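Engineer: Combine the two chains into a complex, taking the hints into account.
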Amino acid sequence: MSEKLVSCIAEMQEEEALALAKELLSAGTPPTAILDDCRAAMEIVGERFEEGQYFIPELILAGEMLKSISEEVKLHMPGDHDVKKGAKVIVGTVKGDIHDIGKDIVVFMLDVNGFEVYDLGVDVAPQVFVDKIVEVKPAVVALSGFLTLSYDSMKETVEAIEAAGLRNGLKIMVGGGTVDDQVRQYAGADAYGVDAMAAVALANQWTGAE
Amino acid sequence: MKIIGEKINGTRKKVKEAVLSRHAAFIQDLASAQAEAGATWIDVNAGTPTDREPDDLVWLVQTVLAAVDKPLCLDSANPAALAAALPEVKQAPLLNSISGEQARLAGVLPLAAQAGGGVIALAMDDQGIPATTEGRLAIVQRLIGETRAAGIPDGQVYVDPLVMTIGASGDAGRVALATVRAVKAEFPEVHFTSGLSNVSFGMPKRSLINRAFLTLMLEAGLDTAILDPLDRELRKAMLAAEAVLGIDRHCLNYTRAFRAGTLE
Numbered sequence: 091m092s093e094k095l096v097s098c099i100a101e102m103q104e105e106e107a108l109a110l111a112k113e114l115l116s117a118g119t120p121p122t123a124i125l126d127d128c129r130a131a132m133e134i135v136g137e138r139f140e141e142g143q144y145f146i147p148e149l150i151l152a153g154e155m156l157k158s159i160s161e162e163v164k165l166h167m168p169g170d171h172d173v174k175k176g177a178k179v180i181v182g183t184v185k186g187d188i189h190d191i192g193k194d195i196v197v198f199m200l201d202v203n204g205f206e207v208y209d210l211g212v213d214v215a216p217q218v219f220v221d222k223i224v225e226v227k228p229a230v231v232a233l234s235g236f237l238t239l240s241y242d243s244m245k246e247t248v249e250a251i252e253a254a255g256l257r258n259g260l261k262i263m264v265g266g267g268t269v270d271d272q273v274r275q276y277a278g279a280d281a282y283g284v285d286a287m288a289a290v291a292l293a294n295q296w297t298g299a300e
Numbered sequence: 021m022k023i024i025g026e027k028i029n030g031t032r033k034k035v036k037e038a039v040l041s042r043h044a045a046f047i048q049d050l051a052s053a054q055a056e057a058g059a060t061w062i063d064v065n066a067g068t069p070t071d072r073e074p075d076d077l078v079w080l081v082q083t084v085l086a087a088v089d090k091p092l093c094l095d096s097a098n099p100a101a102l103a104a105a106l107p108e109v110k111q112a113p114l115l116n117s118i119s120g121e122q123a124r125l126a127g128v129l130p131l132a133a134q135a136g137g138g139v140i141a142l143a144m145d146d147q148g149i150p151a152t153t154e155g156r157l158a159i160v161q162r163l164i165g166e167t168r169a170a171g172i173p174d175g176q177v178y179v180d181p182l183v184m185t186i187g188a189s190g191d192a193g194r195v196a197l198a199t200v201r202a203v204k205a206e207f208p209e210v211h212f213t214s215g216l217s218n219v220s221f222g223m224p225k226r227s228l229i230n231r232a233f234l235t236l237m238l239e240a241g242l243d244t245a246i247l248d249p250l251d252r253e254l255r256k257a258m259l260a261a262e263a264v265l266g267i268d269r270h271c272l273n274y275t276r277a278f279r280a281g282t283l284e
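Protein chains in written order, with my numbering: chain A, 91 to 300; chain B, 21 to 284.
Pulled out of the complex, with its shape left as it was, chain B reads as follows (with noise of 0.2 Å):
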C-alpha cells in the first residue's frame, strides 16, 4: 500500500499557524520525516480561508518542495488554489480532490487532467454522502464517466469510498468496505484511497480502531491510504496485514522492518 501523507493539513491547528506566520522550518520538518517514513506522496492543505488559500498553498508547495523530492497531493476544495498551486510543483501531483458536486467537478477535473498525477475521487455529490453501497457506487460510476471522458485513465483515479464514523452509525465500516469492492469488481484499473481516521471519529482510543478498519480495506482492495506516516501502530498493522494478504511478496517487507527494528 502508498501513503499519502496526512500531516501538513490547515485543519491541524499547529499547521495552521505555521502557514499564518510563514513558519517554513516548521512545514518542512513535517514534510521530511514523512518523506523518511516512507510516505510515496506529502499532502498539502492550507486550511485558510478562501481569500488567501491560494497564496497560502503556493507558500506550502514551495516550502516543502525545498525540502524533500517527493510528489505532493495538492489538497484544496478551491479550484483556485489548486490552480495556482500547480505551476509550482516539480513531478505531477495527486489532485485531492474531484466529487459529484457540480462546482468542484467542473472546477477541478480540468486541472486533474493537464496535471497528470492522478485524481482522487470522492463518492459524494450535491446531494450529500449517499448511505448505501448502491448510492455511493452509481456516484463513482458517474465520476468515472467524466474521468475517462476528460482522457485521464482508469489507472490515475482514486476513488475514496468514503468512510463515516461507526461512532454515528453502526454500518459505516461495511458500507465503506462494500463499496470498494463493487468498484473494484467493475473497474479493475482503479486505485483506491480513503482518509482512514475518519471512521473513528468521537470514539476513544482511535488508532485501536483505525488499524482494523485499515486491515479489512486492505482485504477489500484498499491501495493507497492518506495517514500519518510516522504512525508506528498503523505501520505495523499494515505491514502484517499485507504480509497476510500476500501482497507483501515473500513477506520481504515485514521481514525488513523486523531487521530495522520498526516492528517493536
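With the rest of the complex left out, here is chain A (with noise of 0.2 Å):
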C-alpha cells in the first residue's frame, strides 16, 4: 500500500495523484494495490463528508480521480478484474423530477461503502426501474425525488414493482428534501432516510451487514 497515494487522493491533488499511480504501475506494483489505495482514499473522503469537512466538489473530484486512476489500472491489467462487490442497490429520481445532486452524493457514498450500485439517472420511469430489478435482481431499490410531485412517482413506481411481482424480499427506501414518514407511508416504500449517511445504514442493516 502507498500512503503517499492514498494522501494524494484523499487531499484532493489531482495531478500528483494521477502521476504517482502512473509512476508505481510502470516500477510494477500490482494494479489490485493501486485500487485498494484508491477504496482507502474514498473512505476517507466519504468520513470527511460525514464530518461536514468536505462538500459535493470534493465527492466530485474525487470521482474524477478514481476514474482517470481507474483508466490507468486497466492498461496494465490483463483481463477483466472485477473489484469485489457488496449488495446491489439500484438507485434513482423518479419521474418528473430532475433533481441529482442528492441521489449523487448517495451513489458515492453506498459505493464507498462497498455496495454495487446502480444509477439510473433521473426522470426515470417505473418501467425502467422494474426492468433494471429483473436484469441485476438486487437486495434494495433506492428512491429520490425532491418536488412534491415525486411523491406520486414514488408511489407509481412502487406499484409498478408489486405489479411486476417484485415486491417481496426487496427492501425500497425513499429520500429527498422533503421525504418523511407521511411520505414513505404514502409511497408503499419501507424506509425513508434524510441524508447519504442513512441510506448507508438502511442498506447495511437490510443486506445483514450491520
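Keep in mind the hints are simulated off the structure, nothing from the lab.
In this text the structure is predicted, and so the values were computed from the model without any measurement.
Just so it is clear, CB atoms sit at the ideal spot from N, CA and C, and this is done for glycine as well.
A hint or two may mislead.
To be clear about the criterion: a stretch of chain A counts as covered by chain B if any three or more of its residues have a C-beta under 8 Å from a C-beta of chain B, and this derived list gives those stretches [as the list claims (entries may be wrong)]:
hint: 1; segment: 145 to 153
hint: 2; segment: 231 to 243
Residues of chain A placed beyond 12 Å of chain B at every Cβ, according to the derived structure [what the hints assert, rightly or not]:
hint: 3; residue: Glu105
hint: 4; residue: Ala109
hint: 5; residue: Leu110
hint: 6; residue: Leu125
hint: 7; residue: His166
hint: 8; residue: Asp209
hint: 9; residue: Gln217
Structural biologist: Printed below as a string of C-alpha cells:
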C-alpha cells in the first residue's frame, strides 16, 4: 500500500495522485494494490464528507480521480478483474423530477461503503426501475425525489414493482429534501432516509452487513 | 430590486408541520415579518402531496392575507392547486411558475393570463435544465412567444435563468449570469428573478456565496429575487451593490438604511 497515494487522493491533489499512480504502475506495483489505495482514499473522503469537512466538490473530484486512475490501471491489467463488491442497490430520481445532486451523493456513499450501485439517473419511469430490477436482482431499491409531485411517482414506481411480482424480498427506501414518514407510507416504501449516511445505514441493516 | 419573500415554503420542515397542523399563527408571523422587512410579494408554497395540495394552498393564502396586505406569489407546479387558490387572493398574484415542460405550460399559462399579476418563467423544459446559455435562451424565447400569444405583456414576465450549484459545476454561476444578459438584450421589457440560494447548495458558509452571486446578478440585470428578506447580510449586500450600480438613485435607500441602523 502506498500511503502517499492514499494521501494525495484524499487531499484532492489531482495531478500528483495520477502521476504517482502511473509511476507506481510502471515500477511494477500490482494494479489491484493501486485500486485498494483508491478505495482507502474514498473511505477517507466519505468520512470527511460525513464530518462536514468535505463537500460536494470534493466528492465529484474524488470520483474524477478514481476514474482517471482506474483508466491507467486498466492499461496494466490483463483481462477483466472485477472489484469485489457487496449487495446490489438500484438508485434513481423518479419520473418528473430532475434533482440529482442528493441522489449522486447517495450513490457515492453507497459505492464507497462497498455496495454495487446501479444509478439510473433522473426522471426515471417506473418501467425502467422494473426492467433493471429484473436484470440485476438487487437487494435494495432507492427512490429519490425533491418536488412534491415526485411522491406520486414514488407511489407509482412501488406499485409497478408490485404489479411485476417483484416486491417480495425487495427492500425499498425513499429520500429527498422533503421526504418524511408520511411520504414513505404514501409511496408504500419500507423506510425513508434524511441523507446519504442514512441510506448507507439502511442498506447495511437490510443486507445484514451491520 | 424587489423581493419575493421565500420563507413560507412547505419544503421547510417547520412550515410543512404548520400547514399539516393548521398552525395559523406560525404562518402569519412569517408573513408579517417578511412584509415588514420589505418584501414586495409573499411567496406561498404548501409542499404537500398532490391530493391535498389545493386545500393546503387555499388555507395558506387565506391565513397569510388575514395578517398582511401584500400581493402573493403562488408557488406550485400543480395547476389544480393554483386554480383553487386564485379566487382567494385580494391583489393580482404573481404565479410561480411556467416552464417549457408541456404539462406545466398548458396548465399554468391560462391561469397566469387570467390572473394578470405576472408569471415567473423557468428556463427549463421536459429535457431538463440546459447546461449552456444558448440552450436556456432558446427555451426562454419559446416561452415568451407563448406568453405573448396568451396576451401577457413582456413586462409581466419574470424570467428565471435557473442557477445550479457551483458545488457541482464550476460554470453554474457564469451560465446564469450570461443567460440574464442574453435575455435582457433580446427582450428589454422582461423582468428577472432567481432563487438565489440554489447557487450555494452543498457548500459551507452558503450566505457568503449567495451574496457574491446576488451582487453579480444585479449587474447582469436581475431586478427581483426569491430570498429571505430577514437575511440582514444579504440585504446589506443588495443595498451596497445597488448603490454602486447607480440603481439606488442618490444612494437614498442606502443612507436611509444607515439611519435606520440596518447596515450594522
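Engineer: Please name the hints from earlier in the document that this structure breaks, with their numbers sorted from lowest to highest.
Structural biologist: As far as the earlier hints go, not one is violated by this structure.
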